[in-house]
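Visitor: Take a look at the letters that make up each chain.
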Amino acid sequence: MAGLELLSDQGYRVDGRKAGELRKIQARMGVFAQADGSAYIEQGNTKALAVVYGPHEIRGSRSKTLHDRAVVNCQYSMATFSTGERKRRPHGDRKSTEMTLHLKQTFEAAILTQLYPRSQIDIYVQILQADGGNYCTCVNAATLAIIDAGIPMRDYVCACSAGFIEDTPLADLSYVEEAAGGPQLALALLPKSDQIALLEMNSRLHEDHLERVMDAATKACKDVYAVLDQAVKEHLQEVSAMLGDRGMA
Amino acid sequence: MLPQKQTCCWAGCIWWLQPTLRGIGATPPLLHYVFLLACHRPRCLLLINSFLTGDTSVLAGVYGPAEIKVSKELHDKATIEVILRPKVGLPAIQEKSQELLIRETCESAIMGALHPRSSITIVLQIVSDAGSLLACCLNAACTALMDAGLPLRYLFCGVTCVLDTDGHLTLDPSSKQQKESRAVLILAIESVENKVLTVASRGAYSATELQQSIAAAQVAAQKIFKFYRDSARRRYSKS
Amino acid sequence: MAAGFKTVEPLEYYRKFLKESCRPDGRELTQFRTTTINIGSITTADGSALAKLGNCTVICGIKAEFAAPLADTPSKGYIVPNVELTPLCSSRFRPGPPGEEAQMASQFIADVIDNSQMILKEDLCISSGKLVWVLYCDFICLDYDGNLLDTCVCALVAALRNVRLPAVKINEDTGLAEVNLKTTSPLKILKHPIATSFAVFDDTFLLVDPTGEEESLATGLLTIVMDEDERLCSIRKPGGSALSPEKLQECISRAITRHKEVQSLVNEVLESVKSEK
Numbered sequence: 001m002a003g004l005e006l007l008s009d010q011g012y013r014v015d016g017r018k019a020g021e022l023r024k025i026q027a028r029m030g031v032f033a034q035a036d037g038s039a040y041i042e043q044g045n046t047k048a049l050a051v052v053y054g055p056h057e058i059r060g061s062r063s064k065t066l067h068d069r070a071v072v073n074c075q076y077s078m079a080t081f082s083t084g085e086r087k088r089r090p091h092g093d094r095k096s097t098e099m100t101l102h103l104k105q106t107f108e109a110a111i112l113t114q115l116y117p118r119s120q121i122d123i124y125v126q127i128l129q130a131d132g133g134n135y136c137t138c139v140n141a142a143t144l145a146i147i148d149a150g151i152p153m154r155d156y157v158c159a160c161s162a163g164f165i166e167d168t169p170l171a172d173l174s175y176v177e178e179a180a181g182g183p184q185l186a187l188a189l190l191p192k193s194d195q196i197a198l199l200e201m202n203s204r205l206h207e208d209h210l211e212r213v214m215d216a217a218t219k220a221c222k223d224v225y226a227v228l229d230q231a232v233k234e235h236l237q238e239v240s241a242m243l244g245d246r247g248m249a
Numbered sequence: 001m002l003p004q005k006q007t008c009c010w011a012g013c014i015w016w017l018q019p020t021l022r023g024i025g026a027t028p029p030l031l032h033y034v035f036l037l038a039c040h041r042p043r044c045l046l047l048i049n050s051f052l053t054g055d056t057s058v059l060a061g062v063y064g065p066a067e068i069k070v071s072k073e074l075h076d077k078a079t080i081e082v083i084l085r086p087k088v089g090l091p092a093i094q095e096k097s098q099e100l101l102i103r104e105t106c107e108s109a110i111m112g113a114l115h116p117r118s119s120i121t122i123v124l125q126i127v128s129d130a131g132s133l134l135a136c137c138l139n140a141a142c143t144a145l146m147d148a149g150l151p152l153r154y155l156f157c158g159v160t161c162v163l164d165t166d167g168h169l170t171l172d173p174s175s176k177q178q179k180e181s182r183a184v185l186i187l188a189i190e191s192v193e194n195k196v197l198t199v200a201s202r203g204a205y206s207a208t209e210l211q212q213s214i215a216a217a218q219v220a221a222q223k224i225f226k227f228y229r230d231s232a233r234r235r236y237s238k239s
Numbered sequence: 001m002a003a004g005f006k007t008v009e010p011l012e013y014y015r016k017f018l019k020e021s022c023r024p025d026g027r028e029l030t031q032f033r034t035t036t037i038n039i040g041s042i043t044t045a046d047g048s049a050l051a052k053l054g055n056c057t058v059i060c061g062i063k064a065e066f067a068a069p070l071a072d073t074p075s076k077g078y079i080v081p082n083v084e085l086t087p088l089c090s091s092r093f094r095p096g097p098p099g100e101e102a103q104m105a106s107q108f109i110a111d112v113i114d115n116s117q118m119i120l121k122e123d124l125c126i127s128s129g130k131l132v133w134v135l136y137c138d139f140i141c142l143d144y145d146g147n148l149l150d151t152c153v154c155a156l157v158a159a160l161r162n163v164r165l166p167a168v169k170i171n172e173d174t175g176l177a178e179v180n181l182k183t184t185s186p187l188k189i190l191k192h193p194i195a196t197s198f199a200v201f202d203d204t205f206l207l208v209d210p211t212g213e214e215e216s217l218a219t220g221l222l223t224i225v226m227d228e229d230e231r232l233c234s235i236r237k238p239g240g241s242a243l244s245p246e247k248l249q250e251c252i253s254r255a256i257t258r259h260k261e262v263q264s265l266v267n268e269v270l271e272s273v274k275s276e277k
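Protein chains in written order, with UniProt numbering: chain A, 1 to 249; chain B, 1 to 239; chain C, 1 to 277.
Hints listed in this document are in silico derivations from the structure and should not be mistaken for laboratory results.
Some clues are possibly wrong.
Quick partial rundown of chain B residues pointing at chain C, CB under 7 Å, derived from the structure [unchecked claim]:
| id | residue |
| --- | --- |
| 1 | Glu95 |
| 2 | Ser97 |
| 3 | Met111 |
| 4 | Asp164 |
| 5 | Gly167 |
| 6 | Lys195 |
| 7 | Val196 |
Okay, the calculated beta carbon distance ranges per label pair [stated by the list, open to error]:
| id | chain 1 | residue 1 | chain 2 | residue 2 | range |
| --- | --- | --- | --- | --- | --- |
| 8 | C | Glu28 | B | Thr208 | 26 to 32 Å |
| 9 | C | Glu28 | A | Thr65 | 46 to 52 Å |
| 10 | C | Ser275 | B | Asp129 | 22 to 28 Å |
Ideal Cβ positions, reconstructed from N, Cα and C, are used throughout, including at glycine.
Could you put together the complete structure from these sequences and hints?
Guide: Below, the structure written as structure tokens:
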């Protein structure tokens, strides 16, 4: 067994969190002027940026056009300086392509694409600093960016990871906990209806434990939802205050 | 009805051998080893290759205004493309950035608005490099445009200045001088108001040195423009 | 009404403002947009900085790696800049390999580093002929709104000042490098080049720090890079409107004052980062 103790006898994790506790989330919406929607989010030391363009007419090959709904186009990239070792390829490698696909599937499930037939929505996410839970952070960032762009969704998409170490389900894994190689579960949830947009699990986990881990992940997603909702409300208040000022003048 | 493509299309091709301007300042600048030969088929020019040794030479061809791919089309002006081919191998990032510089210089000289939705392609083939390459490319491009008969706002020429460690200024350096210098400035001067069109540089220098270089380049530019004129006269008086 | 006029006749719209010597965003012709610099925000990088000129945002992350030196320069390390303009920052960029503008920017930054001699490449040598540092400077444009080069150079200078390299010793018995992460040292930066860009409008007006819109309407662009000794490290004027030497001198004078502004801003931010620790 490696020297690192991921869960102490008192029930604390390496970074001092309890088993079900999330890392600190800080989010800001509407950070960039060029894009239709943008958001920046920090979950602990993982920092991600999401930018949304659209809905606009189809770019590139017209053969992609769907006549009953919008095409969701995603790109996931990691900055070359986001990881401990310098990444040679920021996007286009196999892992990024997989992430891109996952994001696309997640948001196709959440965005009301049938409202925009023959159009395209671009979602670009950029990891600036990686410390575990990259997928989840990206989903949360993208959700905020889509809300900022004013594109209707069924519900927020909230994502959080969960692991299972020493018989205890842990929420929101950090890089150290991910690297330990235990089972890992990423869940993207539509919290109001408790619908799952995407669920992915790596490594082995006994069937008996699955429910407990799922419960932990679901709870974590709902916690994330509370934070995201708060961020949206604060942003709205800021924007409406600014508009109000202008209205007065 | 549109005229046939062959007849409505200007084409020019120029073989430019960098005139030597060494010694500006001390002695009056000299232009020698100059060949300016023009022909409508690049193939003919390749035969002359064996005559040339030593100095920098660049082969330039202009094609257009011609049809263009829809994706590159600009609705209010011509799309200008510059292709810079190194002597050996494929164009690298260095050539790409030089291409961009030459293209933007040509763009400001060519009256692109007269040829909307068409393409003008300038192909520059480096034949030999003995210093002052970028300036030579600019000169070749300008004479080729002239030869192609494209309407230009003004003529332009490229001049290379090098500054050595004592701050001494030399025009039109050889590659050895260029390598040993502290700073190299490549300036493009236009012919109407004698103003500075393009500046690119390597190394560090002071503002005074820049002004000195510009002044020297402006003097040299007059010689080059005169040379353009003489060559054109010679070319058209023959037939 | 104004918005409609702007859409239909953008040039006329600008001329109306320039006649009164001001710009649509309220700036004077020689005024920069608000510059903000944030240093050391990315902890996974060896040095990082985020620079913002108005809306134009660039993040620079520097990663140091070991490499074998080139055979003809055995005691020189190298610095590799790379500018990324992804579709994220503006809809004018397409996904795929770096476009012309990104390549040009990378080349420009590389030239600035070389010309200014801001870092002696010999300082990046660990063991002559065996091991040197490579500094990968990756720039990601997050929001594209004109004047990319100034923003990149700002980010570069700030990020390089943030770099701390660990002490490295070569173990003579094994010939392997031993890294001591506890003792780190900053880079020796000899010069601080700062870029100042101008847009020429209608061949006459000189606008400092052009926005994306101004760049696309301008008849010429000019970038001047200057260090603290008032030496010019690079001038980039790719065609466009021809300028007289006097106009160029005017631009150089503006670049000198701009250098002081940015230099003191970087120092201020670095001080505040230090005092936070």
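Visitor: All the hints need checking, so say for each whether the structure fits it.
Guide: Here's how the hints hold up against the structure:
1. Glu95: 10 Å, violated
2. Ser97: 4 Å, holds
3. Met111: 13 Å, violated
4. Asp164: Violated. Min distance 16 Å.
5. Gly167: 12 Å, violated
6. Lys195: 4 Å, holds
7. Val196: Result: holds, 5 Å to nearest chain C Cβ.
8. Glu28(C) - Thr208(B): 26 to 32 Å: 28 Å, holds
9. Glu28(C) - Thr65(A): 46 to 52 Å: 47 Å, holds
10. Ser275(C) - Asp129(B): 22 to 28 Å: Since Ser275(C) and Asp129(B) have Cβ atoms about 54 Å apart, the given range 22 to 28 Å is violated.
In the structure shown, a violation is registered for the earlier hints numbered 1, 3, 4, 5 and 10, in ascending order.
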